[in-house]
Each structure stands twice: as structure tokens, then as C-alpha cells.
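So the sequences go chain by chain: A and B.
Residue 1 is where the first sequence starts when you use our numbering, and the numbers rise one by one after that.
Residue 1 is where the second sequence starts when you use our numbering, and the numbers rise one by one after that.
Don't read these hints as lab results, they were simulated from the structure.
Please note that the accuracy of each hint is not assured.
What the hints assert, rightly or not - Label pairs and their in silico Cβ distance ranges:
#1 B:158 - A:18: 46 to 56 Å
#2 B:56 - A:238: 30 to 40 Å
#3 B:241 - A:441: 55 to 65 Å
#4 A:95 - B:26: 40 to 50 Å
#5 A:136 - B:146: 57 to 67 Å
#6 A:647 - B:207: 56 to 66 Å
#7 B:133 - A:95: 31 to 41 Å
#8 A:276 - B:55: 54 to 64 Å
#9 B:207 - A:450: 55 to 65 Å
We put the CB at the ideal spot given by N, CA and C, even for glycine.
The lines below spell out each chain.
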Amino acid sequence: MIGSRALRIEDRVLLRGAGRFAADTQRAGELHMRVVRSPVAHGRIVSIDGTEALRLEGVTAVWTYADVADLPAIGFRLTPREELLPYRQPVLARSVVRYVGEPVAVVFAESSYLAEDAAELVDVEIESLPAHLDPDAEPVVWVDAEQASWAAGNGERLPAQDSEASVFTIGYGDVDAAFSSGEGRVFTMDARIGRHTGVPMECRGLVAVYDEAEGQLIVDGAAKVPFWNREAIAAMNGLAPSQVVVRETHVGGGFGPRGELYPEDVLVTVAAMRLRAPIKWIEDRQEHLMATNHSRGQHHRLRALVDEDGYIRALDATFTLDQGAYVRTHGATVASLTASMLPGPYVIDNLRVTAHVRLTHKTPAGTYRSPGRYEGTFARERLIDAIAHGLGLSREQVRRRNLIGPEQMPYERPIQAMGTHLVHDSGDYALLIDKAAERFDFPAIRETVSRRRAAGERVGFGFGYFVEKSGIGPSEGARVVVDSAGAVTVLCGASSVGQGVDTVLAQVVAEVLDVPHDSIRVVRGRTDQFQYGRGAFATRLTVMAGSAALNAAKAVRDKAFRTAAAELAVSVEQLRIRGGVVEVEGAEHGGLDLGQIAGILEPLRASELKEEPGLAADGWFHTDHMTYPYGLHAALVRIDEGTGRLEVERFMVAYDVGRALNPLLVEGQIAGGVAQGLGGAMYEEFLYAADGTPQSTTFMDYLVPTAAEVPPIEMLVTEDAPSPLNPLGVKGAGEGGTTAVAAAIASAVDDALQRPGAIDSVPIKPDTLRRLLQPTTTHDVPTKE
Amino acid sequence: MKPSAFDYVRPLSLDEAMEQLAIDPFESKVLSGGQSLIPMMNFRLARPERLIDINRVPGLEGIVPGQDRVTIGARTRHLAVQNTGLQGPLGSLLRTAAAQVGHLPIRTRGTFGGSIAHCDAASEWCLVARLLDAEMTVRSTRGERTIPAADFFQAIFTTAMEPDEILTSISLPALDDHHVTGIAEFARRAGDFAIVAATAAVKIEDGVVTRARVCLGGVSEVPWRSQAAESALLGSAWSAGAVAEAAAAAADEVDPPSDSHGDADYRRDLVRALLPRALNTAGAGS
């Protein structure tokens, strides 16, 4: 069962249209919330008048900051750095707006149409101020002392803060000494990633009601991190966590942005408490593209000291992260991960990375699939290509020269990632290059490229190598329960953003209890069904919840064995489980199925057997280290000379996940991840006018690649380096499809242009390629293979 | 993204539709396929107080070949145009152009006349209409009139139609077999509005171009008939070189806008690249 290409148990519901998404939750008497958003990027609020809106029949309330002045700013869920506190976002703008789309008021009405009509009638007067949009420019004054002190919310009186929210440096060795040694050659790279983000099919949405009878605030439509959000919602509303129930419905994609606690979410819950009515908020796509977390926008400057054979002795890097207008729940996660994961699969004797987190008058930024790694991998792999070109070595040679060797595993890099020691747990990085080259036949691809190039075509081949991280702890739990009919339920703190976690957990439990995986029900993402859950992020659940489910299932099996042994008067060692029936080894007949054993364990009999009632058990898994999967992306591209169109003819991914619990799901994750990586590499970008007005607020301007733009993804999933850190040996598959897409595409485009280093930013647009195709005075320099 | 409130009427005859439209023409909109109008209403960029749905009005669909001209009912769906069995270079052009309109769901619902009345300078049907000097027949309670394409497309989203007029049919000249026609466009993704589109109809007799029509989209507010390209082609010996020269002339002639999808120079590059592709004279690898 584990390792099989089992079909998703989620799909029986989803494919019949029986799923329940946030907007599918309807409650009698519900009020619809509509957010009035700032139309200017930076300005001082002069007045907000809801009188006209309130005159509309069916409009219940209009709130501005004054109505929610008692609410603090939203806290950090991850990477909470003290210096970031003054930059947190109020749930409604206090006196200054800082991005187009910032909530300045909310309207509650009997229908979503009416709410939108009313929102238009809210009279918002804002005095415009200059917009600060370039994170590379010198920092400017960002918040005054009053706002800084308020946002920090820790009782301290803070001075005014500038737009550089945080600067931190990590590293090891002595970079300055290395560079001043007078040995080696210096290579530099200046690499930029455009601002883009995850665009789930389902926009954000939340439905909350205060159930007077139960004395509980019920919140439906949560995603990703319902348990953390439950704590935050309880605190914001002055309730005990046990008075708040947060439930995940089906979720139409997460990718990082969806599911975090946003100002709108807080407003929905507060309104449910104060207006004593069910409150429903469903975001529309235009709001999504200007109010949900953006991501990625980063500018990296790398400097490497390299030996003649390509060995990198020192890497000195700085980067600026375009944080947008506020620091939201992710704190410094993206900057921190960029820094710690920048060295990737390479040894690099001395490292120094300095992160600059800077505010701009744009939509606030957070994490997006492979946060920090997509960005850093692009910059680093571009640098490796530049080194190869500069030294006259092949791109593959330089990578091989620097890879951490299998004999060095586990390899500890003396820095931290997400608050854990960065220890590459296992891996044979060079072996994966060998396997990929063989499976995809790199020599044949190179030969084809040469032949077609000679015939006048602009074709190119390139690749990028990367290390991912997955399975962040510290804990995850699961409870396996068998009822008297033998039906198996897994209750857990995991969340599903559509990735197939139900199927994986069912497979793990099915393996232990030897029952069909599709007979198992998985209950997750509901704070009233399990005590703890860290959430669906950072590619952690297969490692964490999978291991917890394994432990829980084993505990249930043990309990079943103990009970059956007593009932059948045999020893536990004589028992085995087959097809959900506990049998005596070697006996032809008899045995007890799990339902019968559950029946035996009714409270009275269980007491006699000195067992807790019920055939159920909890399992937990704890870890203080992450696992590190790794992979290689390769691309064959063609550039249309006349139009600059970039066509990805082939895209290949080799990825080692330690152990693939379900190869079908791993491949699905990779394919979807590649599509999103291609979006960032070629299509998706949030652009802003000089005054801070967003230019990409519809799908006509924000271009998400479709099935027509994404080639079939060729995949090689390997299991050469199981993780020693968990009982399944598994590493995560959620993000490795995305990580090196921009790096591989850029490398291939350089090759097609025969201009090494031509591509130093993404997305790569056709007009840029047309310009690069113009004859220049510099000679074409072939990339060495 | 919910439209503001509107009244909805669904007339069952053209007369009734015209009467309904005449009641309050400035605050009314005719709903045909709705593929542009409805999104604009959802964005509240359009706020008609009344929608007059002509989808049940008989006699507005179909492609009817005549002696010298072909008449296309305004409500003919893009997909019906894509599937037309119309013979000759015109049929070929219509099928090729229709295939590039949006995506299949859009083509299933959207209409030929709706696209022309909407007047987006990059739309395939506005280009084809301007290319072939189509004649637009419009009707109102005041009567019927025919507007030539040269007068019809006035500015972005602005035509010569009066607010109380309904576009009922479009007639295009039949093209004899001496014609070569085609359309080529460039968009960053399949199905998007073209950044630049080029369409052409060239008559070749004994190897010499005796009539040349070239129309470009994405280079000005309305479809652009390129006189430079047409003059370059007219009288020349039909060859890939002649088409390339015409494309270069067109690129020099136009003054395209710059936006996030491409600046003016890039659009000129696209004109150079696309016109030969429209006429299928571009070489491999280009």
C-alpha cells in the first residue's frame, strides 16, 4: 500500500461536485461582508463616511477603524523577529493607507450584491502622499512613533521607523579573509525575481457564526493553519480557544498565501460576535490580486571567490526583499529561508548572506511555494553558470566540483533554517545528475540542440540544481479509531490544501491494518476534532502527519492484538493481521475482524481487559530537524526569432524524495509545481504604475500559464536517499517542482541566445528576448558543454 | 465583482428589441454573447440600467453567401464561423480567424456581431471587417442604415452606431480564388487578446499583386489599414521578399502604443514578423 500509485480518496467527492468550499457554506440570516479598499497607494485618511451606504435597505453596518480600534495588529505565525513588530498591519487602516487594496472600511449587508453596492457608497477621502516603490532605493521614514508603538503592541514607546524593517546576516567561515587572500577569481551575479504569487483557484473566504446555544464561535472556510488561526481568533475576540471552532472545508489550492490569517478574516469573526449574525466573506479575484499576499520580489547581488577548477571558496551575498506595505503572519520567513538555503547543494567553505527586508507601498508579501528557494536558487544557479562560462568549464563540471558528497552526509552547515540546525540529512547529489542524464538522455538533447542550431534555430538546453527542505516539526499527531462495523477513521491535526494528504494518511494506516485505503475516512483541519495541528505548509505533512499516523495505526494494531490474544486465548506473538482480520498464525479459520475487536472493547469489557475503551489510539511524531530532498530541473527551449516567443519544448525534473509513499501524488505535486515555476519564470508579474497603482489586477494582465503553455513534464522520482529522521524515510514533495524552474529556464535561454549571462531576471518576456536577439557588437559566445 | 442592479428584458422579435432599446437607449445595452459585456459589468466598468437580451430574437444568425457578398448574422457564434463550410479564400480566412478567438467556451457563446459592436482594436472580427471593407447593417425604430467599416470603427470601444441601434448583420465581399488570405497574431498565452495581429487579403494574377489589403491590430485605437504595406505590395511580383518589404513598410508606418505587454518598438517588430506569417510566406525558423 505504501509506495503504490493509489488513487486519491478525495476525488470521489470532488469529481462529483459534492465538495464543500468556503462559499458553499450558507447560513440562514447571513450577512455578507464587503471590504472598502484604499484606491491610493499612500495617503492620509481625511474622512470615511458610511451614511449613504447605511441608507440602503438591507445594509446592517459600516465599520471603520474607530469601530475596531480595540483590536491589535495581527501577530506573526512564523519567524517572529522583534524588530518587525512596528510594521504589522491593523485590521482596518488607522490614519494612513499604505497600499492600493488596504481595507479602510467594511460593509455588512443582506446580499453580496447589496454589500458591493453599499461599499461603493462609502465616501472615502484620502489625501495622497508620494508612493515609495523601489526597495533598492534608500530607506525612507515609514511609520511615525505613534503607529510604530501601536503596531508593536508590547507597551513600549518606539521611535519612528524607516522602511528597512530588518537587516540580518548569517554565515560561517571568514568571507573577508578569503576574498583578501589574493587567490582565486571573483565572479559576480546580479539577479532579480519579479513580484508574483500563488493564485489558488478558490479565492479567500470565511464564514463565521456565534452559536449562542453552544456558546461557541464557529468559523468555516479555514485553510492551511486552522489551529494557529483558532488561537489568534480566540485572542482577538477575547474568547478561550475552546470557545472557538475553526473548520477547514474543501480548499481550492493553498500555495502559501491562502489560509494565513488576514485582516479580512479577523473582521469576519469579530463581526459574527458583535453583530450576532452569521457573517460571510468571499473574496473576488480582483481583490485577491491586490490584497492577498504577494511574494518573491527580490534582488540579489552575489560575489563568489572561485578556484581555477570551479571550486567555490567563498560566497558573499546580499539581497533586498520587497516586503510591500506591512509585515504579515510570515514575519521574516522568506528572507530567512533565502539566506539559509542560498548555498543549496554546494559545500562553499565561507558564506555570508545579508538580508534586507524593506517596505514599499505595494501589497504585503508572504510565502509562496518554495519561498526563498525559488529566488535564491535562481540567483545561485545563474552565478554557477557565470563561473562555468568564465572559467571555460562546462556547467555540469562546476556543479559536480562543488556538490556535497554522499560520504559527507549527514552534512551540517553551521547556520539555521526555520529555527532548526541546517543538517542535510541524506543525499547523493552527483548520482542524481548521472541518473537524470541517463533517463532524459542529456547527450542526445545536446546533440539535437547543436544540429538544430546549425540549421538556424534558436534552441537551448539548460538546467539548475537545488536542495529543498521539508518536514518542519516540531510535532504532529493522529488518532486512529475503529468502530464496531470495522470502519477506520483517522483524526488528525493535518490540513488539506488539495495536495492529497488524506490519501497519504489513509495509505499509511491501510498498510498497518491491511485494509483498503479507500475505506478509510480522514478527518482533519477541524479544531473540534483534534487537539493540536501545525498546519499544511513547508512541505511538512507527509513527513510529520504521515509518521504520526503510522505510530497511531501501529498502536491500534497492538491494542487489537492484545484484545484478540485475550479473547482467543493465544499470545500476541501468535497473531497477525490480514485484510483487517486479526488471525492466529497458521490457523485456517477463526480470527476476529477489527469491528469485532472494537465491539469487545466497549467500556465494560475493556475495563475487564484493563484497556481503555474503544479500539483507538493516538500516535505522535516529534522532530527538531528538517529533511532535505533535492533535485535537478532541465529545460529545452526554443526562441521564435521574429516574435521573441519562448517555447518550452521539454521540461525535465529529477527529484529524490527519500521514499515516495504514493508516486502518483509525488508526480502530481511536481507537475503543478513546475507550472507555477514557469509562471514566475515567463508570465506572472505584479506591475505598478509610478504612483503605486497596481497594473495586474485581473487575469487579463496577471498571466497565469494554462495547459496550453505548460509542456508535459518529464519526471524521474528517485528514492536513493531515505531520510534517517522519520520512520517512513520520507522527504516532502510539495515544493521541489517549483524550486529551480526559473534557474533552468534562464540557463536554457542563455544557451539558445548563445549569450551567457544574458538572462539575469525573471519573468523572461518576449519583448526582452526580441531585444536580446538584436545583433550587438559583442560576439556570440557559445556555452561550453 | 457583482454587477450593479439592472433590469433585464428578453424580446422575442427584432421589432420588440428595437422598441425596448428606444425607451432609454443611453442607459441600455444589448446582450448578445456577453463575453465582454458581462465581465465589464462584473467589474462595474459598465453599468447599464437595462439589458436587452437578443438571444431569442429570430433571424440574427447564419452565414449566407450571395452573388458578390457574404452576409453574416450579427448573433452568429464564433464557433459557427469556425465551422462554416464557406468556400474559397474568404471561408478560409473566417475559419482561421475564428479559431483564434479566445477559448472554446468563449467561441461557443460569443458572437461575430457582438465582437464588432464592442470594437476592440485587437479583435479578430474588427480586423477582418476593416480589412475587407465590411458593411454593417444596423436597425432602430428610426429605420435601417448601412455603415462601411472605414466609418464604423471610431475609437476604442466606440463605433458609429447610435445608442438606439442594433447591429443585425455584416456583409463581406466574396473573394475569388485569385486571393490569398490569412491572419496571424501574437499573444503571450493561447487565447489572449493579441498584442499585435496582422491580417491580409492579396489578389494575385499571373504572379503579380493586383489588389492588396492589409489590416493590423494592436497598433492603434482602431484596426489599422496599412496603406504603406498595401502600396508596397500592389503591382509587385508575388514573393516572400515582397511580403517582407511590405511588412517592413507597415512597421515603419505605424505608431503603436507602449504598455506592459510590449513597447512600440516591440510591436513594430511583431508587425514585421506577423504579416509574412499571415500570408504564409515566412520561412521556417523565423
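Status of the hints after comparison with the structure:
1. B:158 - A:18: 46 to 56 Å: 47 Å, holds
2. B:56 - A:238: 30 to 40 Å: Given a distance of about 57 Å, which is not inside 30 to 40 Å, the answer is violated.
3. B:241 - A:441: 55 to 65 Å: 40 Å, violated
4. A:95 - B:26: 40 to 50 Å: Given range 40 to 50 Å: holds, Cβ gap about 41 Å.
5. A:136 - B:146: 57 to 67 Å: 58 Å, holds
6. A:647 - B:207: 56 to 66 Å: 35 Å, violated
7. B:133 - A:95: 31 to 41 Å: Check failed, 60 Å falls outside 31 to 41 Å.
8. A:276 - B:55: 54 to 64 Å: 44 Å, violated
9. B:207 - A:450: 55 to 65 Å: Violated: the Cβ-Cβ distance is about 39 Å, outside 55 to 65 Å.
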